[in-house]
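Once you've looked at the hints, dock chain B against the given chain A.
Residue numbers (the working numbering), protein chains in the order written: chain A, 20 to 287; chain B, 20 to 287.
It should be emphasised that the hints constitute simulated quantities derived from the structure, not laboratory data. Ideal Cβ placement from N, Cα and C applies to all residues, glycine included. Misleading hints may appear alongside valid ones.
[As the list claims (entries may be wrong)] Pairwise CB distance ranges, derived in the manner of DEER restraints:
#1 A/Ala96 with B/Asp267: 37 to 43 Å
#2 A/Arg218 with B/Phe30: 54 to 60 Å
#3 A/His50 with B/Gly133: 31 to 37 Å
#4 B/Ala171 with A/Arg104: 39 to 45 Å
[What the hints assert, rightly or not] Listed below are the simulated DMTMM-like cross-link pairs for lysine to aspartate or glutamate, each with C-alpha atoms no more than 25 Å apart in a straight line:
#5 B/Lys126 with A/Glu89
#6 B/Lys46 with A/Asp146
#7 A/Lys33 with A/Asp247
#8 A/Lys126 with B/Glu60
#9 B/Lys183 with A/Glu190
#10 B/Lys53 with A/Glu130
#11 B/Lys177 with A/Glu212
#12 B/Lys53 with A/Glu89
#13 B/Lys177 with A/Asp146
#14 B/Lys46 with A/Glu122
#15 B/Lys102 with B/Glu89
#16 B/Lys177 with A/Glu179
[Claimed, not checked] The following residues of chain A were derived to be distant from chain B, with all beta-carbon distances above 10 Å:
#17 Asp24
#18 Lys32
#19 Ala49
#20 Leu51
#21 Leu63
#22 Lys102
#23 Gln153
#24 Asp156
#25 Gln193
#26 Glu238
#27 Leu245
#28 Thr246
#29 Asp247
#30 Met271
#31 Gln280
2 protein chains.
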Amino acid sequence: MKVSDLEKVIFQKKSYLCVGLDPDIQKLPAHLPKTAQGVLEFCLAIIDSTDSFSVAYKLNSAFFENLGAEGWNVMSAVFAELKKRGLYSIADAKRADIGNTSEQYAKAFFENLGADSITLSPYMGHDSIGPFLQYSDKAAILLALTSNAGHADFEMLKLENGKKLYEQVIETSQTWTRSGDLMFVVGATRSQEIQNVRRICPDNFLLVPGVGAQGGSLEDISKYGLTDKGGLLVNASRSIIYAGNGSDFAKMAGDEAKKLQREMAEFL
Amino acid sequence: MKVSDLEKVIFQKKSYLCVGLDPDIQKLPAHLPKTAQGVLEFCLAIIDSTDSFSVAYKLNSAFFENLGAEGWNVMSAVFAELKKRGLYSIADAKRADIGNTSEQYAKAFFENLGADSITLSPYMGHDSIGPFLQYSDKAAILLALTSNAGHADFEMLKLENGKKLYEQVIETSQTWTRSGDLMFVVGATRSQEIQNVRRICPDNFLLVPGVGAQGGSLEDISKYGLTDKGGLLVNASRSIIYAGNGSDFAKMAGDEAKKLQREMAEFL
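Only chain A is shown next, with the shape it has when bound in the complex:
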């Protein structure tokens, strides 16, 4: 799915909610087996109960990789289900390497798994990101300012030119080929910074994690992050997928997603 299609869906569904699938096998509801199959059932049930209220799903690849080859197959099945339902998919994989290696990652995630987009670390620069931007129907999502405590170590460092590193990442990457298909990760715990980010990139989509479990304010993010075309995906993971842990976990996840969607409809 292209970013332009995602924009349409946002206004159709009156939602910019992204559901984060971080399926910790230890946290599965008791009636599901603590196996790769259990994780697959869990993800499919969450998708089924939330897809009226959300436009995108973000698969955190770590939680699949730690199940080995079976986990990779589950990740593949979940991406296939999202494609079938016309939902936008994000591989939250934080990859990027020298060019010939990034080409292999792009093939793995875009061609084989069928993800619509992937999160990438900007550290290694343009030729580590370029291979992902060669797919005209896919998007590359660069880490800019993250929601964890460690963001202060490097992302917030002041450069000689007066800019912060994360600001420079956004500015520099906008000079790259097909930079219109770049999105940026901006943590919700720093809503005061979202206004700043919008000044540097008025049009690019922002992927904002950290609402819910990590404590960001949806109102602030929406106020500063939304554009005429939407331009925003707000991700909630744990607050939705672990809303309940009984046999009604999917319904409770759906209720939680609905609550967020209702708020979003007012901000749009």
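Okay, now just chain B, sitting in the frame of chain A:
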């Protein structure tokens, strides 16, 4: 295997060679099937023919991931073979994410695959690296200065304090818990910078890719990078594993590894 054991092996074998396993299925010798099984045979043959001359092997996870679940099983089998032979293994995976996610990556690579170490991107700071440093018998290898053209985009940026970003990455990370088990990636194409890196971290191991196909000089790297304890792993990938592409590819890989080991023996 602990870093202290790696140090011993370096002097026993008179080698600090790391063989990079980037098995591109399109480049397998003609007599091997272009399948996951072919990739496994290829890797095992390369290990068998080079392990007298090398102390470590670096698996580039992208080249396994692009084979899907089967590729993950091949990666697992290769790590198991390295462990059986007492060879130091590096998962060249360029991971790192918020703490609860890095924990899952650490579990996937250290516990399930049995890798001795993993390459990580420093961008997200201390709590994205910390979970990897909680394993007392494992090492975390931070990207500092890479060998690709894109290193100029961010890694070389001058900070307000006069340091370059990659220098700050090395300095800051040395204040973290168990930082003695940090290694740093420093590209061989910048041998003049290795001297500089050694000034900032006199003792940590450096993983130096870019010798061979990417054109770095082994003499310069060794001169500036070696310490009393070794402290250096020089990686060659394509120049060894694709030294030949006939039925004698493994022998030719061994010859190439031997050539590098002979040079290293003189520098040690």
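For each hint, the structure was consulted:
1. As the Cβ distance of A/Ala96 to B/Asp267 is approximately 42 Å, the hint placing it in 37 to 43 Å holds.
2. Separation of A/Arg218 from B/Phe30 is about 56 Å and conforms to the stated range, judged on CB atoms against 54 to 60 Å.
3. A C-beta distance of roughly 33 Å is found between A/His50 and B/Gly133, which places it inside the suggested range of 31 to 37 Å.
4. For the pair B/Ala171 and A/Arg104, the beta carbons lie near 42 Å from each other, so the given range of 39 to 45 Å is met.
5. With a C-alpha separation of about 15 Å, the suggested pair B/Lys126 and A/Glu89 falls inside the 25 Å cut-off, and the hint holds.
6. Restraint check for B/Lys46 and A/Asp146: the C-alpha separation of about 22 Å stays at or below 25 Å, so the hint holds.
7. For the hint linking A/Lys33 to A/Asp247, the alpha-carbon distance of about 13 Å falls within 25 Å, and the restraint holds.
8. For the suggested pair A/Lys126 and B/Glu60, the alpha carbons sit about 22 Å apart, so the restraint of at most 25 Å is met.
9. The suggested pairing of B/Lys183 with A/Glu190 holds, with an alpha-carbon distance near 18 Å, which does not exceed 25 Å.
10. Restraint check for B/Lys53 and A/Glu130: the C-alpha separation of about 18 Å stays at or below 25 Å, so the hint holds.
11. Proximity of B/Lys177 to A/Glu212 is assessed by CA-CA distance (about 22 Å); at most 25 Å being required, the pair is judged to hold.
12. Annotation: proposed proximity of B/Lys53 to A/Glu89 holds, straight-line Cα distance about 22 Å (limit 25 Å).
13. Restraint check for B/Lys177 and A/Asp146: the C-alpha separation of about 20 Å stays at or below 25 Å, so the hint holds.
14. For the hint linking B/Lys46 to A/Glu122, the alpha-carbon distance of about 15 Å falls within 25 Å, and the restraint holds.
15. Restraint check: the Cα-Cα separation between B/Lys102 and B/Glu89 comes to about 20 Å, which is no more than 25 Å; the hinted pair holds.
16. Between the alpha carbons of B/Lys177 and A/Glu179 the distance comes to roughly 6 Å, so the proposed pair stays at or under 25 Å and holds.
17. Even its closest Cβ contact with chain B, about 26 Å, leaves A/Asp24 beyond 10 Å, as expected for a residue assigned away from the interface.
18. Distance check for A/Lys32 against chain B: the nearest CB is about 28 Å away, which clears 10 Å, and the non-interface claim stands.
19. Once the 10 Å rule is applied to beta carbons, A/Ala49 is consistent with being away from chain B; the minimum gap is 21 Å.
20. For A/Leu51, the requirement that its beta carbon stay farther than 10 Å from each beta carbon of chain B is met, with the minimum near 18 Å.
21. A cut-off of 10 Å between C-beta atoms confirms that A/Leu63 is not in contact with chain B; the least separation is 18 Å.
22. The Cβ of A/Lys102 sits about 16 Å from the closest Cβ of chain B, beyond the 10 Å cut-off, so the non-interface label holds.
23. Even its closest Cβ contact with chain B, about 15 Å, leaves A/Gln153 beyond 10 Å, as expected for a residue assigned away from the interface.
24. The Cβ of A/Asp156 sits about 19 Å from the closest Cβ of chain B, beyond the 10 Å cut-off, so the non-interface label holds.
25. With a least beta-carbon separation of about 12 Å from chain B, A/Gln193 lies farther than 10 Å from that chain, consistent with its non-interface assignment.
26. Chain B leaves A/Glu238 outside its interface by the beta-carbon criterion, the shortest separation being 23 Å against a cut-off of 10 Å.
27. Here A/Leu245 stays apart from chain B, with its beta-carbon at least about 25 Å from theirs, past the 10 Å limit.
28. Separation of A/Thr246 from chain B is adequate, the least Cβ-Cβ distance of about 26 Å exceeding the 10 Å criterion.
29. Taking the minimum C-beta to C-beta distance to chain B, about 30 Å, the non-interface status of A/Asp247 holds against the 10 Å cut.
30. For A/Met271, the condition that its CB be more than 10 Å from all CB atoms of chain B holds, with the nearest at approximately 21 Å.
31. Every Cβ of chain B is farther than 10 Å from the Cβ of A/Gln280; the closest lies at roughly 25 Å, confirming the non-interface assignment.
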